[in-house]
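Construct all of the structure, not just a fragment, from the sequences and the given hints.
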Amino acid sequence: MNVRTEIRTILFLGTFLPIILLAVVNSGCETGYSNEMEGTEDAVLTSAPNVPPPIIRNHPSKVVVHLFTKEKIGRLADGVQYQFWTFDGTVPGPMIRVREGDLVEIHLSNDPSDMMAHNIDLHAVIGPGGGAASSVTPPGHTSVFSFKALHPGLYVYHCATPPVPMHIANGMYGLILVQPKEGFPQVDKEFYIMQSEFYTTGEFGDSGLQQFDLQKALDERPSYVVFNGSVGSLTGKNALTAETGQIIRIFVGNIGPNLISSFHIIGEVFDKVYGEGGSTVTEHDIQTTLIPAGGAAIVEFKTEVPGTYSIVDHSVFRSFNKGAVGQLVVTGKGNELVYSGKQADEIYLGQPSVNNTSDESADDQIQTNVSTQQVSAEETGQQIFDRTCIACHQSNGQGIPNVFPPLAGSDFLKNNQKTAIDFVLHGHSGTIMVNGKAYNNVMPPQPLDDQQIAKVLTFVRSSFGNKMGPVAQKEIEQIRSAKMISLNGDN
Amino acid sequence: MRIPLQSKTSSAEIVLTFLFFATMGMCQTSSFKMPNEKMIFVPGGSYVPFSKEAGEKAKAHVKSFCLDVHQVTNAEFLYFVKVNPQWRKSRVRPIFADKNYLRNWAADLKLGKNIRSLDPVTDVSWFAAQAYCKWAHKRLPTTDEWEYVVRMMANRMETSLSMQNIREWTEDFNDILLDGSQAEEVDSPSILSCGGSSVNVNNPKDYQTFLRYSFRGALRASYCLLNLGFRCACTPKCISARRCNTTYHKNSRITK
Amino acid sequence: MTAAVLTISLESAVLSQKKAESKYKNNQSARSADRRNDRMCCVENADSLPVTGNSVYQLGSTWENQDGNSINIADLEGKVEIVAMFYSHCTYACPLTINDMKRIESSLRDDLKGKAGFVLVSFDPKRDSPQALKTLAKNQRLGRDWELLSGKEDDIRSLAEVLGVEFKMKSNGDFFHSSQITVLNKQGEIVFKHFGLNRSIDDIVDAVRSCSEQN
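Chains as they are written, first to last, in my numbering: chain A, 1 to 491; chain B, 1 to 256; chain C, 1 to 215.
Just so you know, these hints were derived from the structure itself, not from any lab. Idealized CB from N, CA, C, for every residue including glycine. Treat the hints with care, since some could be wrong.
As the list claims (entries may be wrong) - Distance condition first, Cα-Cα at most 30 Å in a straight line; then the derived BS3-like pairs of lysine-lysine:
#1 C/K170 / C/K152
#2 C/K193 / B/K89
#3 B/K205 / B/K52
#4 A/K70 / B/K99
#5 B/K38 / B/K110
#6 B/K59 / C/K193
#7 C/K126 / B/K89
#8 C/K138 / C/K126
#9 B/K59 / C/K170
What the hints assert, rightly or not - Pair by pair, the computed Cβ-Cβ distance ranges are:
#10 B/S117 / A/V144: 57 to 63 Å
#11 A/R221 / B/R93: 52 to 58 Å
#12 C/G173 / A/M115: 31 to 37 Å
In structure tokens:
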């Protein structure tokens, strides 16, 4: 081949090859899917917490979605009814799953018995009102409009008929997932959760048919913050279930109407978070993810250990007192290395008491077990005994057989002065013999200063028939400081 | 002239025959009720309208008018269609009423068991409501008049109106544009569009009014809805006397 | 005797009622027969709709045109009509709508001219008297195929409702309104609605053409 031909070949390839490659890439040949619209199908709609099955076709299609609106009374909590406004009779409305590039045709019908006009705004729609402008529907009618799902991701939809906040507050919302072209990685289970608030004239739990309270809504003080439209929708027999070793994906929406959610699963960490419901993983290893009002998130995690995992909004008063709690019950084989469960239960006697009148340097290492009672200098040993010792040793020092040893006529007390002081200072657990009987119990350290201990021991040793000698404050000091020295010495 | 014994028998016959036809007549007309004349006088005044179009808190003025005390009933509408056959269920023209027109009535001139004669008539279009009111020498209330009355009721200034739980047609129900997509006038605020709604109304906290306007804005004149009825209004002839006289029943005739 | 009187009066009442009804029915069927001979155009599912049932001309309202002549709306029957609602004091949308209609007029083939008419109905009878409409027609150079109509408020509202045009009077006497040009076939049925201003008019021109080409 001569040079001229070679040059021509190179020029030809240089010009046309990039064009050919570009065409190939655009047509999706290289990526395994096509951009050509093909076919029509009816959308598979599911009620929370179920998710429609993944879309496996590799090309866009026309997807027809039939939704209806219905105003109906339903259960908000046990004994509590509410006039919900719904999509398809449920709160939240059904989950819709389509694929990026699909032409979605929405048929929105309004039940003839409804009193309100309704429409729909899907956040996946690019167009006026997100579809709301084209779907205003009075009762007994159906509106039809279509849109192209240009953006992948997880989006909320809601009714947007004025007054919009009221239509949302009464339950008209759901999720639409626009699966990216390449799909999501496969997981073992997918769930659909929607967080929302309800504003009722009654307080949380007040029974009967509750009305919407506008003032509370304006003040952003919900009576209920719930998952999937009612208290208990994901607890008890409604709890989500999974097995250990499964990868779980949750599509979570938060419609508000007012609050942002701090979404957390107690005992789990999200391996992946598609932040704010976008189409790509934005974070790994997240404990709690924020979901804006009118937004969503996708979280994924792997179950390692069996147990019941609470699903909460970590603004915890909402979970504890307003209903924002669900459960994921995981069954299966445990893994003690990941989580051991309780391995021991031990006695803890608290920290040793500190003499308030002793050297300050000696107090540095030890926290005082504070007695909040103001004791007067004139407080007698009897008074100290009455407030400190009576509970166990009883008013006459007789103790309780087999439980607390007596002080009256106690041979242990008589023969173990120093030990007795030590017991009061530092407490004791274990067996001692008193008057021939064994007592195995726990005596906590007493929050008394040296003077008080001296007084109370002197009182005990000369009461209840005891004729033992008094105890001097110095002895207490000595025993206390000896213990401190040994502690300091350990440091 | 003395009536012979034979006539005595015939007078009984006369009475019986009279009773017979009277009864028949009653059966014939018992379901056909003359429209009720009862109206209340609503003194004119002003109120802050829903829309801010006239200016921030600028007031709307309503002249004195008369309003039916209760919604038009099934029985009254039945009488109307009896004398105006073009408004019967089987004959109404599609352009004036959709296929839900009087859908729950058993037949053209028969309510049926499911319909109570004294309940408000529903599943009637705006054209039908207009025609009824016109036939009764009245008219539909305007939206302004209706909203004015609703406010009076909310303030307990008007307590004699009967309000069943249904929506009602007004003369200019569609006057506020629901969304911006079809109104191309640059200076027309899309008062009820999602984003614009709270900007263009005087009291964004008045949700009940929002709901009424939204509902009306979704309607078209030929729609017949299960929860939508109407009542009539009129401009009184003698305002100083504060009377609402109507003379329809003396002059009822078949109108177009 | 009384019984006889009663019977006779009742029977005659019933009879006269029946007579009126049957007369109406006969008129109806006569008109329907005529119309069944015409071919429907531009309406989907035409066969399922009764011809008379959907005609806007059933309104039967009377108007005054720019020449001061009284016109019944049903007089427009027989030609394809391109209809819009406006008012002369409108400073933005209406002039654009009129302009769009003029573009439609000039887009029609010469042989279609005369088979299609243009109708402008005013929202504003107070200010848009026949005189005012005449002036407007002159200023806009609107030809013989144009009818500008002024009428009663009730009739304006009814026509707007039938066409699906939304409007409201502002506090200053001007009007909010939607922008819509409607095509009515020869029988007065709505066959096409064109929304917006200053847009491509191809769609509405096609609609007018296909209606005019049919009988």
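For each hint, the structure was consulted:
no., hint, in the structure
1, C/K170 / C/K152, "holds (18 Å)"
2, C/K193 / B/K89, "holds (28 Å)"
3, B/K205 / B/K52, "holds (14 Å)"
4, A/K70 / B/K99, "holds (21 Å)"
5, B/K38 / B/K110, "holds (25 Å)"
6, B/K59 / C/K193, "violated (36 Å)"
7, C/K126 / B/K89, "violated (37 Å)"
8, C/K138 / C/K126, "holds (20 Å)"
9, B/K59 / C/K170, "holds (13 Å)"
10, B/S117 / A/V144: 57 to 63 Å, "violated (38 Å)"
11, A/R221 / B/R93: 52 to 58 Å, "holds (53 Å)"
12, C/G173 / A/M115: 31 to 37 Å, "holds (35 Å)"
The structure is inconsistent with the numbered hints 6, 7, 10, although it conforms to all the rest.
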